[in-house]
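S.K.: The lines below spell out each chain.
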Amino acid sequence: MNIIICVKQVPDTSEVRIDPVTNNLVRDGVKSIVNPFDMYAIEEGLRLKEKFGGKVTVLTMGPPQAEAALREAISLGCDEAVLVSDRAFAGSDTLATSYTLSKAIEKIKDYDLIICGKQAIDGDTAQVGPGIAATLDIPQINYVRKVEEIKDQTITAERVTEEGYEVIQSTLPCLLTVVKEINNPRLPSLKGKMKAKSAVIQVWSAADIAAAEDRIGLKGSPTWVLNIFTPPPKPRGKIFEGEAQNSVNQLVESLKGIIH
Amino acid sequence: MIDYLLTEEQIMIRDLARQITDEKIRPVAAEYDRTEKFPWGIMKDIAQADLFGVYIEEKYGGLGGGILELCLATEEFSKGCAGIAICYSASALGTYPIILAGNEEQKKKYLPSIAKGEKLAAFGLTEPAAGSDASALQTTAEKKGDHYVLNGLKHFITNGGDADIYTVIAMTDKSRGARGASLFVVEKGTPGFTFGKKEDKMGIRASSTCELVFNNCKIPAENLLGREGMGFISAMRTFDMSRPGIGAQAVGIAQGALDEAIKFAKQRKQFDKPISSFQGIQWMLADMATQTEAARALVYASAREVGAGVKDVGVHSAMAKMYASDVAMKVTTDAVQICGGYGYMKEYPVEKYMRDAKITQIYEGTNQIQRNIIGMGLIRESSK
Numbered sequence: 001m002n003i004i005i006c007v008k009q010v011p012d013t014s015e016v017r018i019d020p021v022t023n024n025l026v027r028d029g030v031k032s033i034v035n036p037f038d039m040y041a042i043e044e045g046l047r048l049k050e051k052f053g054g055k056v057t058v059l060t061m062g063p064p065q066a067e068a069a070l071r072e073a074i075s076l077g078c079d080e081a082v083l084v085s086d087r088a089f090a091g092s093d094t095l096a097t098s099y100t101l102s103k104a105i106e107k108i109k110d111y112d113l114i115i116c117g118k119q120a121i122d123g124d125t126a127q128v129g130p131g132i133a134a135t136l137d138i139p140q141i142n143y144v145r146k147v148e149e150i151k152d153q154t155i156t157a158e159r160v161t162e163e164g165y166e167v168i169q170s171t172l173p174c175l176l177t178v179v180k181e182i183n184n185p186r187l188p189s190l191k192g193k194m195k196a197k198s199a200v201i202q203v204w205s206a207a208d209i210a211a212a213e214d215r216i217g218l219k220g221s222p223t224w225v226l227n228i229f230t231p232p233p234k235p236r237g238k239i240f241e242g243e244a245q246n247s248v249n250q251l252v253e254s255l256k257g258i259i260h
Numbered sequence: 261m262i263d264y265l266l267t268e269e270q271i272m273i274r275d276l277a278r279q280i281t282d283e284k285i286r287p288v289a290a291e292y293d294r295t296e297k298f299p300w301g302i303m304k305d306i307a308q309a310d311l312f313g314v315y316i317e318e319k320y321g322g323l324g325g326g327i328l329e330l331c332l333a334t335e336e337f338s339k340g341c342a343g344i345a346i347c348y349s350a351s352a353l354g355t356y357p358i359i360l361a362g363n364e365e366q367k368k369k370y371l372p373s374i375a376k377g378e379k380l381a382a383f384g385l386t387e388p389a390a391g392s393d394a395s396a397l398q399t400t401a402e403k404k405g406d407h408y409v410l411n412g413l414k415h416f417i418t419n420g421g422d423a424d425i426y427t428v429i430a431m432t433d434k435s436r437g438a439r440g441a442s443l444f445v446v447e448k449g450t451p452g453f454t455f456g457k458k459e460d461k462m463g464i465r466a467s468s469t470c471e472l473v474f475n476n477c478k479i480p481a482e483n484l485l486g487r488e489g490m491g492f493i494s495a496m497r498t499f500d501m502s503r504p505g506i507g508a509q510a511v512g513i514a515q516g517a518l519d520e521a522i523k524f525a526k527q528r529k530q531f532d533k534p535i536s537s538f539q540g541i542q543w544m545l546a547d548m549a550t551q552t553e554a555a556r557a558l559v560y561a562s563a564r565e566v567g568a569g570v571k572d573v574g575v576h577s578a579m580a581k582m583y584a585s586d587v588a589m590k591v592t593t594d595a596v597q598i599c600g601g602y603g604y605m606k607e608y609p610v611e612k613y614m615r616d617a618k619i620t621q622i623y624e625g626t627n628q629i630q631r632n633i634i635g636m637g638l639i640r641e642s643s644k
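Chains H and R are the protein sequences, given in the same order. Counting in the numbering used here, the first sequence runs from 1 upward without gaps. Counting in the numbering used here, the second sequence runs from 261 upward without gaps.
Please keep in mind that the hints were generated in silico from the structure rather than gathered at the bench. Source: prediction; values computed, not measured. Errors might be hidden in some of the hints.
[As the list claims (entries may be wrong)] Selected chain R positions facing chain H (in silico; Cβ < 8 Å):
| hint | residue |
| --- | --- |
| 1 | Leu276 |
| 2 | Gln279 |
| 3 | Glu283 |
| 4 | Asp305 |
| 5 | Gln308 |
| 6 | Leu311 |
All C-beta atoms, glycine included, are put in the ideal place defined by N, C-alpha and C.
Based on the provided sequences and hints, a complete structural model is requested.
M.R.: So this is what it looks like as C-alpha cells:
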C-alpha cells in the first residue's frame, strides 16, 4: 500500500504575528516546525505501512527551507520526500495550494491513500486536505480518529463529529484528514536522523508538475484576505449558586433581562 | 556551555536524548519518583530511538560510538530524571564485562539484543560484606563438569529484577583472594537464580535496586567471561570504563538543578525585585555554573580518553567521577537554598535533584575509594 502524506512547515508558536500591511504571516525570527497535526498524519502513515507494506512519500509545498520539514519526516521513517517549490506559487490561497499539491500527487502516481493533518496551526483553515480530494476527484474522510480496517481496496474509518462519531467506508484511493486522538506520534531514531541527513529531496517546479499558470500562486487564488484578527475569547458561563429555588429565580430574572 | 567540538553524530545523539527527556521523561519524573515503578515505557522510547546501542560496535548491532556517546545521552536523561537515566546507563555497566572480557560467541549472543534495547543488562558485584572492599566476595562458583554452580547473595544491584542479562562476579577459588574471582553471565529465569529484597531508596527511585539470590544455580561453563581468576581485574577495568558515565549523570543532575534555580530566581520577587537581581544570588549561580562546566569538561575529556583506548585511564576516570559527583551534591544543595522554602517542597523539582545527587558520590566506588585510586596513581607515577 502506497501512502502520500501532505505536510506543512509552520512557525513554532501559537501566537503568529501578522504583517499589518500585507496581512501575511511574518516568518522572520520564528523557528519552523512540522505542523503538529501533520505529525499524526505521518505516524498513521508509518503505522499503516508497517502493517500492510508499501512506501510512504511525504509531500510539501513551500520555500526551499521547507526541506527541513521533509527531512524530519524521513527521520521518523518516511521513505521518499518531494518538495514542490517555485516562486510562481507565492501568494497561493487554499484553492491554489490544493491544486498545486494535486498536480504533484498526479506526478507521484500509484497511491492508495493520502493522509493530511486536520488543519495547519498557522492558517487554521482545514481546507487544503478536502481541496486536494476534490481536485483529484477521489473520496475523502475528514477528522478521522481511527482507521478501523483496510481490506479489498476499501477503508473503514471513524470520523469525529461534534455530536459523536460516524463510521465511514470508502473505496481506495481515498484521502483522510486526521485528528490528534488517532495516535501518539513516535520520536525520531538515530538511524532515521542519519538517513534524513543524506536523503535526496526531490524538488519540483511548476513546470515539473505541469501546473496551469492561471491556477497557481496569486493568479489562481480567488481569496482576498481583508483582515486577520484573534477572535475574542468565549466568555465564561455564569454559575448560580445556593438553594435550587433561589438559583432558578435568579436564572429566570437574568434571562428576562436578556430577552427584554 | 563550552563548545566541545562534538561530531555531527554526537550532536544528533545529544539532541535526540534531549528531545526524549523534554517530551517523555520530564512530564513523568515526579510520578516515577513517588511510585518507584520501573520506567519501561521510557526504556522503549530510548530503544526505538536507537540510543541503547550508541557505545556498541556496529557488527553487534550498535552505532559504533564509545563512552562519550554514552555520556552525552546519560547527561541529557539525567537533567530530566537521574533515576530513569541510571536504568539506561546501568545496562551499559552490565554490558562492559561482555565487551571487555567476552569472546566472539558471547558477544554475538548477548550484544545485539542489548544494543536494540530488547534486553537490559545489570552488573552484580556488591555483596553485604563486600562493597568498597570488592575482594571480600562470598558468592562462589564451583565448576562441575560442563557447568558452574553459583551460590551466594548480591545486593544493591541496579536494574536487579528488571534486567534480563546479569554479569556476575563470583569466587572460583576462595584461597586465592581477589585472584580467585571470575565473571559469569547469568540469564534471568535460570533455575536457582531469584530476586530478593527490593530497596526503598532516598533518590534515583525510578530505578530498581535489588538483591540477586543464587541457590545452587547451574549455568553452562561457556557463560564464563574470560578466564577463571580474571574476574576482579575485568571488574576493575569495567569501572574504569563506566566511571565517566556516572560523572555524566552527575553533570546532568547539576545542570538540571542549576536550570531550575535560574528559572526560579528570575521569577521570585522579594523586596520588589526578582531575587536574580541580587549579587548574592548571582554569585551563587556563577559558582554553580562554573563548577558544573568544569565537571563536564573533565568528564568529556576522560570519556574521550577511555573511548580512544588509552592505557591506564583509571586515575582520570576516577577524577571525573569523583569531581562531578561532588559538584552535583554541592550545586543541587545550593539550588535548593536559592529556591528557599519552595525548593524544599516535593511539589517543586529541585529537592529531587538533591536526593538523586547523593548516590553519585557513593556508587561505582565511593568518592573515598576514587581518592584512593587517584592517590595511589600519583605515588606510582612519581616512583617510575
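S.K.: Hint by hint, say whether it matches the structure.
M.R.: Cross-check of the supplied hints:
no.	hint	in the structure
1	Leu276	holds (6 Å)
2	Gln279	holds (6 Å)
3	Glu283	holds (7 Å)
4	Asp305	holds (6 Å)
5	Gln308	holds (6 Å)
6	Leu311	holds (6 Å)
The structure is consistent with each of the numbered hints, conforming to all of them.
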